[in-house]
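Chemist: Protein chains in written order, with the working numbering: chain A, 43 to 336; chain B, 1111 to 1586; chain C, 14 to 467.
There could be a bad hint or two in this list.
What the hints assert, rightly or not - DEER-style ranges, computed between Cβ atoms:
# : chain 1 : residue 1 : chain 2 : residue 2 : range
1 : A       : I192      : C       : E213      : 42 to 50 angstroms
2 : A       : R95       : B       : E1175     : 37 to 45 angstroms
3 : C       : D446      : B       : E1354     : 50 to 58 angstroms
4 : C       : G272      : A       : K327      : 21 to 29 angstroms
Unchecked claim - Listed next, the in silico DSS-like pairs over lysine-lysine satisfying Cα-Cα at most 25 angstroms (straight line):
#  : chain 1 : residue 1 : chain 2 : residue 2
5  : A       : K172      : C       : K117
6  : A       : K202      : A       : K115
7  : C       : K96       : C       : K117
8  : C       : K117      : A       : K130
9  : B       : K1449     : A       : K115
10 : B       : K1496     : A       : K115
11 : A       : K172      : C       : K31
12 : C       : K226      : A       : K115
13 : A       : K296      : A       : K245
14 : A       : K172      : A       : K130
15 : C       : K96       : A       : K245
16 : A       : K296      : C       : K383
17 : A       : K115      : B       : K1256
18 : A       : K115      : C       : K227
19 : A       : K322      : A       : K335
Just so you know, the hints here were simulated from the structure itself, not pulled from any lab data.
Heads up, the beta-carbon is just placed ideally off N, CA and C, and yes, glycines get one too.
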Amino acid sequence: MNEKELRALVERMVAELAGQAPTPQVKGADYHPTQPEGTNTGCLDDISEIDLRQQYLVPNPRNGAAFQDLKRKTPARIGVGRAGARYKTITMLRVRADHAAAQDSVFSHVDEAFVDQNGWVFCQTLCADKDEYLTRPDRGRRFDEQNQQIIKNTFGVSPKVALVVGDGLSSAAIEANAPDCMEAIRAGLEGYGIQPGKVLFVKYCRVGASDHIGELTGAEVVCMLVGERPGLVTAESMSAYVTYKPYLGIPESKRTVISNIHRQGTTAVEAGAHVAELIKTMLEKKASGIDLKL
Amino acid sequence: MAEELLSVGIDIGTSTTQLVISRLTLENRANPFSVPRISIAKREVCYRSGIHFTPLRSDTVIDAEGVRAIVAEEYEKSGFSREDVSTGAVIITGETARKENAREVLRALSAFAGDFVVATAGPDLESILAARGAGADEYARENHCKVLHFDIGGGTSNLSLYDRGELAATGCLNVGGRLIKLERESGAVTYVSPVLRRLGERGWCPVPAVGERVGPEELAPVVQIMVEALEQAALLRPGTDRLEHFKTEGTRWEPVQAPVLSFSGGVADCIYDPQGDWRAYGDIGVLLGRAIRDSAAFRSVRLRRGAETIRATVVGAGSHSTDLSGSTIFYRGVEFPLKNLPILKLTEEEERGSAADLEGALRAKLGWFADEGGLTQTALALRGSKNPEYRRVKELAQGVCRGLEPLCQEGFFPVLVVEADMAKVLGQAMAPLLEGPLLCLDGVGVDNGDYIDVGAPIANGAVLPVVIKTLVFNKG
Amino acid sequence: MILKTKLLGHVYEFKSVKDVLAKANEEKSGDRLAGIAAENAEERVAAKVVVANLTLADLRNHPAVPYEEDEVTRIIQDDVNEKIYGEIKGWTVAELREWLLDEKNDGAAIRRISRGLTAEMIAAVAKLMSNMDLIYAAKKITVTAHCNTTIGEPGTLSCRLQPNHPTDDPDGIMASLLEGLTYGAGDAVLGLNPVDDSVESVRRVLDRFQEIKKRWSIPTQICVLAHVTTQMEAVRQGAPCDLIFQSIAGSQKGNEAFGLDGKLIEEARQLALREGTAQGPNVMYFETGQGSELSSEAHHGADQVVMEARCYGFAKRFQPFLVNTVVGFIGPEYLYNSKQVIRAGLEDHFMGKLTGIPMGCDACYTNHMKADQNDIEDLAVLLTTAGCNYFMGIPHGDDVMLNYQTTGFHETAALREMFGLTAIAPFQRWLEDMGFVRDNKLTELAGDASILLA
């Protein structure tokens, strides 16, 4: 070990003892070490911003332009080249980054302040934490006495429609899409002469919670926006489950589902307009899911 | 759930008149758990008329009554009634496209072509339809290459360049098989088009005069110069003098080289199936076809025969003129079809403005239309945004509603054509702000100078058939 | 039959064979969700002790679902070779375990014994195996099958090319397909999970696959994994189809939830043999996965390992070419984390091979499970050691349609290189002729799908 390395080591030890060593912080806060090393103040580009449909890493392709035409038609990670029979560093890191975003969107929570800001009424299923939520789907579909009362107070007796936002498997999906989508739904319903009422937010929510809400309130239509299980292409995909007169034990086939609501899929506002019209149709035809012939 | 749509194409050209009826098959390509995404899955021709000589009252004036009789007869033969047909296009092309005369022809056809059928002319659209009818666009897309397509008819040659899937350029030259006509028996010249007469005036080559009896040798120099113009257009011959001479007014064709050239139009048949009798059609089409086939320059690239040749334009008009709107749209109280709506498009910057800015920009532009001879039912085109917040949608709705007030006061109603997928939410946001009819559709890109036709809703009311009439193709 | 034992000073008594089998399972969140798991580690071991002392006859006589009630039970029981069963019915499960591990008993001997076993016996012995036991025993068992080519030969590792696309875009599918071929994926099957389960859509994709297969003379099989009835209709309409696919379950009720029974599967098989494009005789492809019965409330109180073994017994009746467990797809309520997924993957492969079916594995995970790419790479290495027939091949392991991660094209290529394995022989020759593989390594052409566009 030369003198320079030794000094660096000592410096690091001292820093650790003094509690100054950089420690990774929680997601959401930009991470800055307290003492930037040297004078290098540059910053690397965000690899998650690389457009994967444009990224083409095959060296000397025989007919690269033709392949890129096809590649643009798919979000699949192709044209990635290789390092031996393994992946290139950049694509490996990107998969890890996208997986990190997906996992964080599952295991993080929708901020309660965010719920308040949107004027949604907060409630929670029987699940006490994420772990229970993930392993006990049955408990993500029911409410205790106290939360049942909140639900009844929010929607009143036999409303035409009960609008619900559930965190589901992606908090990120809700934060990215639910407010705009809900606004579009509400405006659309008003345009059709249907009073939208208040919006309920459900923490640790499974789709089946719609059914308990239906039983508690006698709502004619329950419309639930819920975060989808994230994929690597996007962690922000949301679904709308709309059910006519749901009850405990209603078959899944009686729900109408609009999935794939996100920036690159159906946009939040356009999906909201579509859902508003769907609710109107359901009220007219008194049916949803396979019973609703569109 | 496959739904079908019948579409008619009628092509009234300088020399021939044809009709096809095509079947367009609609399909919902979205999975059952998302918003529908309906598109045209298949376009197939189910009836082809015979090829009729265009009935003329003089060299350039179409006999409208004669055309009507042809169309009536062909409908009869096809077995389809005119009520079955819900969309399509009538194209009047080439030298015959005279405005007053065209209008008369369309009036004569209105009973047959149905309410939905649009009429149009214009070399850019014709180039596009011919190339699509001949499958040049598809070839370019599937083989990932550039294809330069020539549709060589009686009076004109329509050029279009497809770069892989995309249309890159269109143009039109006064090169065609019937620029000189002759008596089939004697070989006596009966007609020489002005553009060829000017060749003689410029001293480029001897040009036969009307009444003169000519053989292939006498015609060869004229035909050769026409071929040279095509070669220059394809950058296979140096210079642009020939090309410039034959360009039609308004064409801005830049010579461009493509690895694949494809041909359609009546003359294309003479390239691939040379007629023994050069006078078979009483014109120089056979000679022109032979000269193209024998051109050393053209032989240096890959030549492809169009999937359609003489019928390319009419198949294009029948099968490829109609597209579909996006599948989430908004309409209220609209009486379809809407025909020939001129497009008013804001600049990108104007579109980004606040509600008040939008209102101002719209009122200013509507003022121009008003000055040009009064307001008409106009369609407002917007680019829209990829993933707008609801707040922005509301702002857009307010600005547009207020800005279009002058139009509404004249008894017209708002028609919005948006490129990005946001028509339904925009329509719902606008609906409470005004009374009466309202139409918002998306998934359609148009430009100032275009016209749009919108047919009645199909596929359970989810989508609208639209025909965009591109009068000037302006890439970029 | 003894269902009671003392362990570490406590007495443990179990209600039934089904109960003790469930409690003998390695920990699985699905068994806990079903309310049948062992309370704690000691109870689990006590259950294993009891299972070790059950005889094979005890297990045969106590199927998870009664013979009279369940078609899957009937198929498994009716297919038992009574003579072989007669030789071994007095063995305890512990004896069966040691017999399987004994170096004197080779693959052929195991394949023979296998014909006297039922799913409950196979599941029971798996519960007494450690992870390495599962690998060690499975490694001995070779199960081959022939469709157009022969899968499962020693020295080979195959790959299903899975070119899924979120909207079934034909060009998008083609891009993934062609790229996979250049990495050596696709010798097991070119198999798409379609978004659109319509006959037209299935036909369209099959036609496209057939075109590619013919154009480049690729020795492999093609399949579109729609519902079995959709594929049957496509075949009747003349679509090219080598393999008919279906997801299956370990009980009649579970199969009903998938819209099938044994009669329908046999009908599909006969149709594929009569009107399909494959040489055969093996023309079926099945997928399974621990927990799927519970998710359709069709588990009859049995644990997910037993139900999984029953899937294989059902599958065997129809002489499949491919069977794989989609091991991490179902979610954390059934398999909580990577540890449980890896365990399940090893169990499923072992049980499939012991049943006598040509077993592969979709080594995968979803994003709401505590697992990542490292974990399924681990599983793939372990299963390759165990002689697994095939894995999935997806661009960079990311399925953009089903939204889960599995093994990528690169994984099969790396495993083949590391373990000295090849693709199925004719496919390997094709790879060498095309110049994608040389000396069992990828060449500079591998990964350049544009070669196949020329």
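Chemist: If a hint holds in the structure, say so; if it doesn't, say that too.
Modeler: We went through each hint and held it up to the structure:
1. At roughly 49 angstroms, the beta carbons of I192 of chain A and E213 of chain C sit within the given window of 42 to 50 angstroms.
2. At roughly 56 angstroms, the beta-carbon separation of R95 of chain A and E1175 of chain B lies outside the given 37 to 45 angstroms, and the hint is violated.
3. For the hinted restraint 50 to 58 angstroms between D446 of chain C and E1354 of chain B, the CB-CB distance of approximately 54 angstroms keeps it satisfied.
4. The hinted range of 21 to 29 angstroms is satisfied by G272 of chain C and K327 of chain A, whose Cβ atoms lie roughly 27 angstroms apart.
5. A hinted pair counts as satisfied when its Cα atoms are at most 25 angstroms apart, and K172 of chain A with K117 of chain C does not qualify at roughly 50 angstroms.
6. A hinted pair counts as satisfied when its Cα atoms are at most 25 angstroms apart, and K202 of chain A with K115 of chain A does not qualify at roughly 42 angstroms.
7. A threshold of 25 angstroms between alpha carbons decides the hint, and for K96 of chain C with K117 of chain C the separation of about 22 angstroms falls inside it, so the pair holds.
8. For the hint pairing K117 of chain C with K130 of chain A, the CA-to-CA distance comes to about 45 angstroms; that exceeds 25 angstroms, so the pair is violated.
9. Using a Cα cut-off of 25 angstroms, the hinted pair K1449 of chain B and K115 of chain A is violated, with the two alpha carbons roughly 34 angstroms apart.
10. Between K1496 of chain B and K115 of chain A, the direct Cα distance comes to roughly 18 angstroms. Compliance with the 25 angstroms bound is thereby established for this hinted pair.
11. The hinted pair formed by K172 of chain A and K31 of chain C fails the criterion: a straight-line CA distance of about 31 angstroms is larger than 25 angstroms.
12. Restraint check: the Cα-Cα separation between K226 of chain C and K115 of chain A comes to about 21 angstroms, which is no more than 25 angstroms; the hinted pair holds.
13. With a C-alpha separation of about 24 angstroms, the suggested pairing of K296 of chain A with K245 of chain A holds against the 25 angstroms cut-off.
14. Distance hint between K172 of chain A and K130 of chain A is unfulfilled; the C-alpha atoms sit about 34 angstroms from each other, more than 25 angstroms.
15. The suggested pairing of K96 of chain C with K245 of chain A is violated, with an alpha-carbon distance near 59 angstroms, which exceeds 25 angstroms.
16. Between K296 of chain A and K383 of chain C the CA atoms are separated by roughly 32 angstroms; this puts the pair beyond 25 angstroms, and the hint is violated.
17. The straight-line distance between the Cα atoms of K115 of chain A and K1256 of chain B is roughly 19 angstroms, inside the 25 angstroms bound, and the hint therefore holds.
18. Between K115 of chain A and K227 of chain C the CA atoms are separated by roughly 24 angstroms; this keeps the pair inside 25 angstroms, and the hint holds.
19. Restraint check: the Cα-Cα separation between K322 of chain A and K335 of chain A comes to about 14 angstroms, which is no more than 25 angstroms; the hinted pair holds.
Of the numbered hints listed earlier, those contradicted by the structure are 2, 5, 6, 8, 9, 11, 14, 15 and 16.
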